[in-house]
Every structure is written in structure tokens, then in C-alpha cells.
Amino acid sequence: MTKNQRLVYIALLAAQAVIISLLERAIPFPFAIAPGAKLGLANIITCMALYTLPLKDAGKVVAIRLVLATLLGGTISTFMYSAAGAVLSFFGMLAVKKLGASRISLIGVSTTGAVLHNIGQLTVASWIAQTWTVLLYLPVLAFIGILSGIAIGVAANYLLTHIEKLNYYMALRELR
Amino acid sequence: MKAFLRVLKTGDLVIITVLISVSFLPFAVFYMQQSQNTNTDHEAVISVDNEEVKHITLTEHEGTDVFDISKFEDEINTIEVVDGRIRIKSATCPDQVCVRTGYISEPGETIVCLPHKLIVEVHTTNEDTEADIISS
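From first to last, the protein sequence lines stand for chains Z and G.
Following my numbering, the numbering of the first sequence begins with -2 at its first residue and continues without gaps.
Following my numbering, the numbering of the second sequence begins with 5 at its first residue and continues without gaps.
In case anyone wonders, no lab produced these hints; they're calculated from the structure.
One or more of the hints may lead you astray.
Capping the alpha-carbon separation at 30 Å, the derived lysine-lysine pairs in DSSO-like fashion look like this [claimed, not checked]:
{"no.": "1", "chain 1": "G", "residue 1": "LYS13", "chain 2": "Z", "residue 2": "LYS162"}
{"no.": "2", "chain 1": "Z", "residue 1": "LYS95", "chain 2": "G", "residue 2": "LYS13"}
{"no.": "3", "chain 1": "Z", "residue 1": "LYS94", "chain 2": "Z", "residue 2": "LYS162"}
{"no.": "4", "chain 1": "Z", "residue 1": "LYS0", "chain 2": "Z", "residue 2": "LYS162"}
One-sided excerpt, in silico: chain Z residues whose CB lies under 10 Å from chain G [unchecked claim]:
{"no.": "5", "residue": "PHE76"}
{"no.": "6", "residue": "TYR78"}
{"no.": "7", "residue": "ALA80"}
{"no.": "8", "residue": "ASN115"}
{"no.": "9", "residue": "SER123"}
{"no.": "10", "residue": "LEU132"}
{"no.": "11", "residue": "TYR155"}
{"no.": "12", "residue": "LEU156"}
The structure displayed is predicted, hence computed values, not measured ones.
Using N, Cα and C, we set each Cβ at its ideal position, and we do this for glycine too.
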């Protein structure tokens, strides 16, 4: 992958992630039992970035997505929540992925990402609210996070195996 | 389902189990704390911007109380207390998460309205609680 191709690929992934998270905001979430829960569809892109790009560039994708999604319809407080969640889940996913593809599939990686995102958000929320009892809400969020994480792991797995051009680019990376 | 099983590896199941148990960790800590506290009187504490605004005793509360909490002019949360349960009936915040949380009554439950920095918490009443009730 040449430098320009990589730049374009990073930009493409970041743009898709931003659009997905904006669209996701427009979907009213049907679970009345868990206010504040989200599907976390943008996690598909983070998984793709982790599996197809070197660590530094995957980090760039996440950072660009975070800043742009905030600028296009967030506030300072939503930025703080999503930043804490994104950073924590990015490193968690990285650590889980390091365990090796023979033991962990995309499902494990994306559920880790989802739950760590919730943990990060609730930690910031309880820090802002100055009461750690906010964390008692974690099981509800984590349950939905695990379910959506499994679904997103399967979806990202489909994406990885079915996009032929992606294989081409990954082969290019190995040549370098 | 077939696709799911083909992707799934044993490591994933281990990770999911670990994540579920981690998510119940705050509960474990909380009940350890609660078991040392034998008092069963519940009270709700409403605070805005880390300042306590109102205490309500929930135990033996009867009937319906409705009142507004508005620290800043256009940030109004209407709170309703019905028979020992408390909820935010309506709010002027953009996300309405606090309203959808619904009623709470057990110690440790919270309603958080982050845009207004408002928290409703249910505690067990301690005897050594200082009796400074600040009403707005």
C-alpha cells in the first residue's frame, strides 16, 4: 500500500465511521429498559481498522471519527463520554486481538470494545456526577453491549471476508 | 446462526464470561457496603452541580408530591414522588434519559440528568447525617 493509498483508506474508514455514528443517532433506540444504550454500529469500522491497518493508523481512524462526530452534532460533554469510551475500548480491543487470531475471533474483539466503551462512559459519568453509584447501571448496558457486540463481530467478519478489494490492499501491505 | 457458530471461538466465550462478571463488580462492592448498614429507612437526595438541593424521606411516604427543581432559569426538572418511589416526570433537557429512567426506590439506584448536572440518589438514612436541609 503506497502512502497515498493508505491516506485514502484511513480517510475512507473515518468518513464511514462518522456517517454511521450520525445515522445511528437518528435511530430511536427501542429498548425502553435501558435509556442511554446505543447499538454502537461505528464499532464495525474500528474492527475493520484494527484488522487491516497498522496500530498507528487504526488509532488515527478512531481519533478522526471521535473529533468529527463531535463537531457534527455533539457537545463537550458527549465528547468527554465518547472519548473516554473510545480510548478505553480501542486499547482493550487491541489487547484482546493480541491474544491471536487462533483463539479470539472478531466477536470477542468487538464485545470487548462495546463493554469497555460502556465502562469508560459510565466512569466519566460517575466522575462528573461525583457518585460512583452510577456504575450500578453497568450490567444493563453491558448486557446490551455484549449482544450488539456479537452482532457487530459477525457483521465485521462478513465485511472482512467478502470485500475482495480489501484482500488486494492487505496483500499490498504485506509486500511493503 | 450457522455463520455465528463458524466465527465463534472458545476464546470469545471466555471473554464474554469475563466481561459479564466484570460488569457485576460494582454490584458486589455495593452490597458488601450495604450489608454493613442495617438501617432500612430510605431517603432520596437530589443534588444539582454537586450541591445537595433537597432530601426526601421515602419510607412511609404516601400520596403524590410534584415539584420543580430549577437551579438555572431554563433547566427545569419536574420531580414526582409517589408512595415511596421517585421519578423525574418531565425535564427540559435534550436527551430525556432521566425521564425514561422511570421510578426508583431502592438504595443505590440513581437518576442522572447529565445536561442539567442533576442527580437523584436513594440512600439508606444514616443517623449521623447532618440535618442540613437546603430547600430551593
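Evaluated hints:
no.: 1; hint: LYS13/G <-> LYS162/Z; verdict: 26 Å, holds
no.: 2; hint: LYS95/Z <-> LYS13/G; verdict: 15 Å, holds
no.: 3; hint: LYS94/Z <-> LYS162/Z; verdict: 23 Å, holds
no.: 4; hint: LYS0/Z <-> LYS162/Z; verdict: 17 Å, holds
no.: 5; hint: PHE76; verdict: 13 Å, violated
no.: 6; hint: TYR78; verdict: 8 Å, holds
no.: 7; hint: ALA80; verdict: 15 Å, violated
no.: 8; hint: ASN115; verdict: 8 Å, holds
no.: 9; hint: SER123; verdict: 9 Å, holds
no.: 10; hint: LEU132; verdict: 4 Å, holds
no.: 11; hint: TYR155; verdict: 7 Å, holds
no.: 12; hint: LEU156; verdict: 12 Å, violated
Consistency note: the structure conflicts with the earlier hints numbered 5, 7 and 12.
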